[in-house]
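All chains should be modelled from the sequences, with the hints used to inform the complete structure.
Number of protein chains: 2
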Amino acid sequence: MRDRNIMLTPGPTPLPPQVLEAMSRPLFHHRTEKFGRLFAQVISDMKWVYRTSGSVLMMTSSGTGAMESAVVNLLSPGDATLVCTTGVFGDRFVAIHKAYGLAPEVLPSEWGRAVDPDALRRTLKGKPGLKAVFFQHTDTSTGVLNDIKTLARIVREESGALVVVDSVSGLACEPLETDAWGLDAVLTGSQKGLMNAPGLGFAAVGERARKASDEAKLPRFNFDWRLMQKSLADRETPWTPAISIVAGQAAALQLLRAEGMENVWKRHVGLAAHARRLLQEKLGLPFYAKDPANILTGVVLPQGVDGVKLLADILREDGISIAGGQLGLKGKIFRLAHMGYISKADIDAGVDALARRLVGAKA
Amino acid sequence: MRDRNIMLTPGPTPLPPQVLEAMSRPLFHHRTEKFGRLFAQVISDMKWVYRTSGSVLMMTSSGTGAMESAVVNLLSPGDATLVCTTGVFGDRFVAIHKAYGLAPEVLPSEWGRAVDPDALRRTLKGKPGLKAVFFQHTDTSTGVLNDIKTLARIVREESGALVVVDSVSGLACEPLETDAWGLDAVLTGSQKGLMNAPGLGFAAVGERARKASDEAKLPRFNFDWRLMQKSLADRETPWTPAISIVAGQAAALQLLRAEGMENVWKRHVGLAAHARRLLQEKLGLPFYAKDPANILTGVVLPQGVDGVKLLADILREDGISIAGGQLGLKGKIFRLAHMGYISKADIDAGVDALARRLVGAKA
Numbered sequence: 607m608r609d610r611n612i613m614l615t616p617g618p619t620p621l622p623p624q625v626l627e628a629m630s631r632p633l634f635h636h637r638t639e640k641f642g643r644l645f646a647q648v649i650s651d652m653k654w655v656y657r658t659s660g661s662v663l664m665m666t667s668s669g670t671g672a673m674e675s676a677v678v679n680l681l682s683p684g685d686a687t688l689v690c691t692t693g694v695f696g697d698r699f700v701a702i703h704k705a706y707g708l709a710p711e712v713l714p715s716e717w718g719r720a721v722d723p724d725a726l727r728r729t730l731k732g733k734p735g736l737k738a739v740f741f742q743h744t745d746t747s748t749g750v751l752n753d754i755k756t757l758a759r760i761v762r763e764e765s766g767a768l769v770v771v772d773s774v775s776g777l778a779c780e781p782l783e784t785d786a787w788g789l790d791a792v793l794t795g796s797q798k799g800l801m802n803a804p805g806l807g808f809a810a811v812g813e814r815a816r817k818a819s820d821e822a823k824l825p826r827f828n829f830d831w832r833l834m835q836k837s838l839a840d841r842e843t844p845w846t847p848a849i850s851i852v853a854g855q856a857a858a859l860q861l862l863r864a865e866g867m868e869n870v871w872k873r874h875v876g877l878a879a880h881a882r883r884l885l886q887e888k889l890g891l892p893f894y895a896k897d898p899a900n901i902l903t904g905v906v907l908p909q910g911v912d913g914v915k916l917l918a919d920i921l922r923e924d925g926i927s928i929a930g931g932q933l934g935l936k937g938k939i940f941r942l943a944h945m946g947y948i949s950k951a952d953i954d955a956g957v958d959a960l961a962r963r964l965v966g967a968k969a
Numbered sequence: 607m608r609d610r611n612i613m614l615t616p617g618p619t620p621l622p623p624q625v626l627e628a629m630s631r632p633l634f635h636h637r638t639e640k641f642g643r644l645f646a647q648v649i650s651d652m653k654w655v656y657r658t659s660g661s662v663l664m665m666t667s668s669g670t671g672a673m674e675s676a677v678v679n680l681l682s683p684g685d686a687t688l689v690c691t692t693g694v695f696g697d698r699f700v701a702i703h704k705a706y707g708l709a710p711e712v713l714p715s716e717w718g719r720a721v722d723p724d725a726l727r728r729t730l731k732g733k734p735g736l737k738a739v740f741f742q743h744t745d746t747s748t749g750v751l752n753d754i755k756t757l758a759r760i761v762r763e764e765s766g767a768l769v770v771v772d773s774v775s776g777l778a779c780e781p782l783e784t785d786a787w788g789l790d791a792v793l794t795g796s797q798k799g800l801m802n803a804p805g806l807g808f809a810a811v812g813e814r815a816r817k818a819s820d821e822a823k824l825p826r827f828n829f830d831w832r833l834m835q836k837s838l839a840d841r842e843t844p845w846t847p848a849i850s851i852v853a854g855q856a857a858a859l860q861l862l863r864a865e866g867m868e869n870v871w872k873r874h875v876g877l878a879a880h881a882r883r884l885l886q887e888k889l890g891l892p893f894y895a896k897d898p899a900n901i902l903t904g905v906v907l908p909q910g911v912d913g914v915k916l917l918a919d920i921l922r923e924d925g926i927s928i929a930g931g932q933l934g935l936k937g938k939i940f941r942l943a944h945m946g947y948i949s950k951a952d953i954d955a956g957v958d959a960l961a962r963r964l965v966g967a968k969a
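If you read the protein sequences in the order shown, they are chains C and U. Start counting at 1 in the first sequence, then tack on 606, and there's your number in the working numbering. Start counting at 1 in the second sequence, then tack on 606, and there's your number in the working numbering.
Please keep in mind that the hints were generated in silico from the structure rather than gathered at the bench. Misleading hints may appear alongside valid ones.
Where chains are identical, the list cannot tell them apart; a pair therefore holds if satisfied intra-copy or between any two copies.
[Unchecked claim] Quick list of in silico lysine-lysine cross-link-like pairs, DSS-like style, CA-CA up to 27 Å: (1) K896 <-> K755; (2) K950 <-> K640; (3) K817 <-> K704; (4) K950 <-> K915; (5) K836 <-> K915; (6) K823 <-> K704; (7) K737 <-> K704; (8) K653 <-> K817; (9) K823 <-> K737; (10) K938 <-> K640; (11) K896 <-> K817.
Shown next, in the form of structure tokens:
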């Protein structure tokens, strides 16, 4: 088992052989026709994934960098914003705001619950000057899916605020319609539904967000969307990109294109159903999220079970990575992911490893 | 020739097969003992490369991101700084300052010339409140090498300012002694002397710089050295790292370790001598830099030769990437790199491709 390496983690997810092969090819320079073609293809395919005719910008960074890029490109000192939090990644949006001297209003949801549309509407009433509202599409810390279509509609109805969505773990897993739902900026990372290695962040930037980025006063350089937008016309990036990961992304997007976006979403419905049926049958433990996404299943461990040790044992003895709970949930839940290139066979192995230990522990 | 791909560009440079192999292995998760070991090895090896017993921090970004990290972690609004420019990358330090609302004093050198130690000393006189002085170790736009040892000594003698060095294209090519020369922060990228794919930035952060980063008031989140430093204790990064490129870096560092740092420097002396001998013999054109580094040779093209077309032809017909001039030098010079994993055979092929066209053009 020592060499087995099954990843059931909510990002990074396993890489298709085509992606590994693309990254193993000799490097080439990024100020060339060859890179320009590759980059243009990635951007074009990303527009297809995002369902947008607006701009898609690429940066060499984690998903967190892409999240920061939205804050610094859309906002100015003193701007009023609202962050709807459903877990760790909503809190990260708040932390980024604070790092830049902004004090966002926060609409927290009970952990495990999605943002309540009525609560959002009440919060938005009487706040005409709000500059932007920030959401997670899915939050991997809680496994929650937010109803972005409805939430964005409510923002439009009640406010002139920009709608900013962190879909780092949602894009190419759960349905998302950037243009049809009126989303102004949607952020993602390469290492989840996009089935690539970590290292690239993307931002879909609509016309209203592009205008806002021209006027925003927060400081930025590496993450300046205006520079990225300008370079895009020459099929370049402002700074040297992670060329190997761009090549990997092109290969992964080709796989998604061949599958078709509706089928990608259906695949995640199928994986989630498979995982939950199996978890129910073999473990019979309660699921954590009340409003679950198809990207992962959070499972509440029985009292007395040391979740940290359990997952460490499974990784060491079975070569399977399963994520634990974060912050207050540490040791109390596990999070079994079923997203991206994770297969039913991977899930079977993971649930089997859990059952062998937990069913014994319960007895 | 169509599939030939020789890179004589000053970053990215070609990848050793061991690096490509490392990047082609199945991905694994970054919150694991396995990644912790890999990351700790990379940091330990980077300290060896930097010649420092201080901290080395790693970020998923281009070298530009590492440069920005130094500005935002060391400075506060209103801080007085000096940027010594020897080409495009000095100008980039200035641009980053301006993006964050700072107005650095600039000590420009004539393009092709290194920073003049006497001019630096004169400029520093009577400026007791200077917070930091910024240098390039080597500037790939001009091919210049700065005498960082002497320049850093002068800063120490004349000022309490921090010494910040962009060694993105110099580290593991030209001698650099972070601790012995009293350098407070040294920045680099993975894709040049470090023989890895682009995607990682590093910062060597000495004790004075670490203290400064605790007190600095410029906003930062993704590039916050304090968060990186804190995660380092757990052999982690604050955000998901570009795991594949970290694996590539470990493989490349193993090669550098086996070679020995003094031998790495000697290799670049040898490559530069070889390239210049050959260029002199086959082309007989003047070299651009008056104070040249061993990383590349800039060559002035004869009047009437379209440098842009020349290099495009060589890339298309011979599969060899050679860089042209930047900004005011566009079309007027070419820059043949001899750094990192570039071999003598690569250089031979590049000079041959140039000679076949230029000797004809001269006749």
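### Query
Looking back at the numbered hints, which does the structure fail to meet, lowest number first?
Number 11 only.
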